[in-house]
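Trainee: Okay, here's what each chain looks like letter by letter:
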Amino acid sequence: MAWMAWTLPTALFFGAIACLIVTFTVLAIKFPETPRVGILRIETTRGDRLFITLLGSAFLNLIWLAVGISPQWGALILCFVYACAVFRWV
Amino acid sequence: MEKTLNNKAWFLVLPVLILVAFSAVVPLMTVVNYSVQDTFGNNVFYWVGLEWFADMLQSDRMWNALGRQALFSAIILAIEVPLGIFVALNMPKKGFWSSFVLVTMALPLLIPFNVVGTIWQIFGRVDIGLLGYVLAKLGVDYNYTADAFDAWATLIVMDVWHWTSLVALLAFAGLQSIPEAYYQAAKIDQASRWAVFRYIELPKMQGVLLIAILLRFMDSFMIYTEPFVLTGGGPGNATTFLSIDLVKMAIGQFDLGPAAAFSLMYFLVILLISWVFYTVMITVEKAEGK
Numbered sequence: 001m002a003w004m005a006w007t008l009p010t011a012l013f014f015g016a017i018a019c020l021i022v023t024f025t026v027l028a029i030k031f032p033e034t035p036r037v038g039i040l041r042i043e044t045t046r047g048d049r050l051f052i053t054l055l056g057s058a059f060l061n062l063i064w065l066a067v068g069i070s071p072q073w074g075a076l077i078l079c080f081v082y083a084c085a086v087f088r089w090v
Numbered sequence: 001m002e003k004t005l006n007n008k009a010w011f012l013v014l015p016v017l018i019l020v021a022f023s024a025v026v027p028l029m030t031v032v033n034y035s036v037q038d039t040f041g042n043n044v045f046y047w048v049g050l051e052w053f054a055d056m057l058q059s060d061r062m063w064n065a066l067g068r069q070a071l072f073s074a075i076i077l078a079i080e081v082p083l084g085i086f087v088a089l090n091m092p093k094k095g096f097w098s099s100f101v102l103v104t105m106a107l108p109l110l111i112p113f114n115v116v117g118t119i120w121q122i123f124g125r126v127d128i129g130l131l132g133y134v135l136a137k138l139g140v141d142y143n144y145t146a147d148a149f150d151a152w153a154t155l156i157v158m159d160v161w162h163w164t165s166l167v168a169l170l171a172f173a174g175l176q177s178i179p180e181a182y183y184q185a186a187k188i189d190q191a192s193r194w195a196v197f198r199y200i201e202l203p204k205m206q207g208v209l210l211i212a213i214l215l216r217f218m219d220s221f222m223i224y225t226e227p228f229v230l231t232g233g234g235p236g237n238a239t240t241f242l243s244i245d246l247v248k249m250a251i252g253q254f255d256l257g258p259a260a261a262f263s264l265m266y267f268l269v270i271l272l273i274s275w276v277f278y279t280v281m282i283t284v285e286k287a288e289g290k
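Protein chains in written order, with the working numbering: chain L, 1 to 90; chain D, 1 to 290.
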C-alpha cells in the first residue's frame with residue numbers, strides 16, 4: 001500500500017466517507033423511504049441528500065480556501081450547517 | 001403497506017462495485033493522497049496539507065485552461081445540437097436510403113480519437129492537406145500551427161465532423177418513436193412545419209436530446225487526444241485545454257501534488273455538472289410519465 005502514499009488525515013477522510021455510505025445503505029435497507037420533493041423541486045432520497053451534502057461541502061471547502069479569510073476548520077462548521085439544511089429542506 | 005423500493009437489489013451490483021473499486025476508486029484515493037503531499041521521487045512524500053489546492057485556486061494557468069475548456073464545450077454544443085437535429089429531421093425515415101444514411105452517419109463515430117486527430121492534422125496542412133491546400137489556393141491565410149484562430153476553427157470543425165452524427169442518430173431515434181397519429185392530427189389542424197417541430201417533434205425528442213447534450217458536454221469537457229495530436233495545445237497555449245494542461249503538469253513537469261489537486265477540482269466540476277444533467281433527465285422522464 002506504500003505506493004498509494006497514504007497519510008493519516010486522508011485515511012480518516014476516506015474512512016469517514018465509507019462509514020457514511022455503509023450507514024446510509026443499512027438505513028435504506030432497514031427503513032426504506034419514499035422519495036420527497038424539497039425546495040429544489042426534485043425528488044430526493046436520503047442517499048441523494050448525502051450526495052448533495054458531500055458534493056456541496058467539497059465546493060464550500062474550495063471556496064473557503066480560495067477566499068482564504070479564516071482557518072480551514074471554519075469551512076467544516078459551514079459544511080455542517082449546510083448538511084443540516086440539505087437534510088431538512090432539500 | 002407495499003414498499004416503494006427494494007433496496008436489497010443493490011447487492012446485485014456488488015461485482016461491478018469491486019471492479020470499479022480497482023479501476024477507479026483506488027486510483028482516485030491515490031490522487032487524493034498525492035494532492036496533500038509533495039515528492040521529489042523515490043516514493044518519498046512530504047505532507048503539505050491544502051497548499052496545492054490553494055496554489056491551484058490562485059493559478060491563472062488553471063483558470064485560463066478552464067475558460068478555454070468551457071468556451072470550447074459551449075461552442076461545440078451550440079453547433080452540434082442544432083445541426084444534429086437539422087440532419088435528423090432531413091434523414092430518410094424508411095427504406096434503403098434510411099439504412100444507408102444511418103451507416104454512413106455512424107462511420108465517423110467508429111474512428112479512434114488519435115486517428116481523427118491525425119486525419120485532420122494532415123487534412124489541414126497547406127503543403128499536402130486537401131483543406132489547407134485549397135484554402136491557400138483561394139488566398140486564405142490559413143495555418144493552424146501558427147494562428148490561434150485557425151487552430152480553434154480547425155478543432156471545432158474536426159469535433160463537429162466527428163460527433164454531430166451522434167446527436168443526429170439520437171435525435172433520429174427520438175423522431176422515429178413518434179406515432180404517425182401525431183402527424184395526422186397536426187395535418188388535420190393545418191399546423192405549420194414549425195408548429196409540428198415545436199409542439200410535437202421537439203418535446204418528443206427532449207429525453208434523447210438531454211442524453212446527447214450530456215454525452216457531448218462530458219466528452220468535450222474531457223477532450224484530450226484530438227487537440228493533442230492536432231495542435232499539441234498550441235500555438236502558445238491557445239488550445240491548451242484542461243486535460244492537456246493536466247497531463248503537461250503531471251507527466252511533463254512531474255508536479256504530482258499540484259496536478260493531483262488540479263485533477264480533483266476538475267473531477268468535482270464534472271461530477272457537479274453530470275449530476276445536474278442526470279437530475280434534469282430523470283425529472284423530465286418522470287414528468288413525461290415514462
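Since the hints were made in silico from the structure, they are not lab data.
All values derive from a computational prediction rather than experimental measurement.
A hint or two may mislead.
[Said to hold, decoys possible] Once the Cα atoms are required to be at most 30 Å apart in a straight line, the calculated DSS-like pairs of lysine-lysine come out as:
| # | chain 1 | residue 1 | chain 2 | residue 2 |
| --- | --- | --- | --- | --- |
| 1 | L | LYS30 | D | LYS8 |
| 2 | D | LYS204 | D | LYS286 |
| 3 | D | LYS93 | D | LYS286 |
| 4 | L | LYS30 | D | LYS286 |
| 5 | D | LYS8 | D | LYS94 |
| 6 | D | LYS93 | D | LYS204 |
[As the list claims (entries may be wrong)] If you anchor each label on the Cβ, the simulated ranges turn out as follows:
| # | chain 1 | residue 1 | chain 2 | residue 2 | range |
| --- | --- | --- | --- | --- | --- |
| 7 | L | GLY68 | D | ILE251 | 54 to 62 Å |
| 8 | L | THR25 | D | ASN114 | 19 to 27 Å |
| 9 | L | PHE51 | D | ILE111 | 18 to 26 Å |
| 10 | L | GLY74 | D | ALA153 | 21 to 29 Å |
| 11 | D | PHE22 | L | LEU12 | 51 to 59 Å |
| 12 | L | LEU78 | D | ILE251 | 17 to 25 Å |
| 13 | L | PHE51 | D | LEU110 | 48 to 56 Å |
| 14 | D | LEU71 | L | GLY74 | 33 to 41 Å |
| 15 | L | GLY38 | D | VAL269 | 49 to 57 Å |
| 16 | D | TRP10 | L | GLY38 | 22 to 30 Å |
The beta carbon of each residue, even a glycine, is placed where N, CA and C say it ideally should be.
Trainee: State for each hint whether it applies.
Mentor: Hints and how they fare:
For the given pair, L/LYS30 sits about 10 Å from D/LYS8 by alpha-carbon distance, which is consistent with the 30 Å threshold. For the hint linking D/LYS204 to D/LYS286, the alpha-carbon distance of about 14 Å falls within 30 Å, and the restraint holds. For the hint linking D/LYS93 to D/LYS286, the alpha-carbon distance of about 28 Å falls within 30 Å, and the restraint holds. Taken as a hint, the L/LYS30 and D/LYS286 pair is honoured in the structure, with Cα atoms around 26 Å apart against an allowance of 30 Å.
The hinted pair formed by D/LYS8 and D/LYS94 fails the criterion: a straight-line CA distance of about 44 Å is larger than 30 Å. Under the criterion of a C-alpha separation no larger than 30 Å, the hint pairing D/LYS93 with D/LYS204 is consistent with the structure, at around 16 Å. Restraint check, L/GLY68 to D/ILE251: a C-beta distance of roughly 30 Å breaks the suggested window 54 to 62 Å. Remark: the range hint 19 to 27 Å for L/THR25 to D/ASN114 is contradicted by a beta-carbon distance near 41 Å.
A C-beta distance of roughly 36 Å is found between L/PHE51 and D/ILE111, which places it outside the suggested range of 18 to 26 Å. Remark: the range hint 21 to 29 Å for L/GLY74 to D/ALA153 is contradicted by a beta-carbon distance near 47 Å. The supplied range of 51 to 59 Å is broken by D/PHE22 and L/LEU12, whose beta-carbon atoms lie about 22 Å from each other. For L/LEU78 and D/ILE251, the Cβ-Cβ distance of about 36 Å falls outside the hinted range of 17 to 25 Å, so the restraint is violated.
L/PHE51 and D/LEU110 have their C-beta atoms about 35 Å apart, which leaves the hinted 48 to 56 Å range violated. In this structure the supplied range 33 to 41 Å holds for D/LEU71 paired with L/GLY74, their Cβ-Cβ distance being about 34 Å. Distance hint check for L/GLY38 and D/VAL269: the Cβ-Cβ separation is about 24 Å, which falls outside the suggested range of 49 to 57 Å. Distance hint for D/TRP10 and L/GLY38: a CB-CB separation of about 23 Å, consistent with the stated range 22 to 30 Å.
In summary, the numbered hints that this structure violates are 5, 7, 8, 9, 10, 11, 12, 13, 15.
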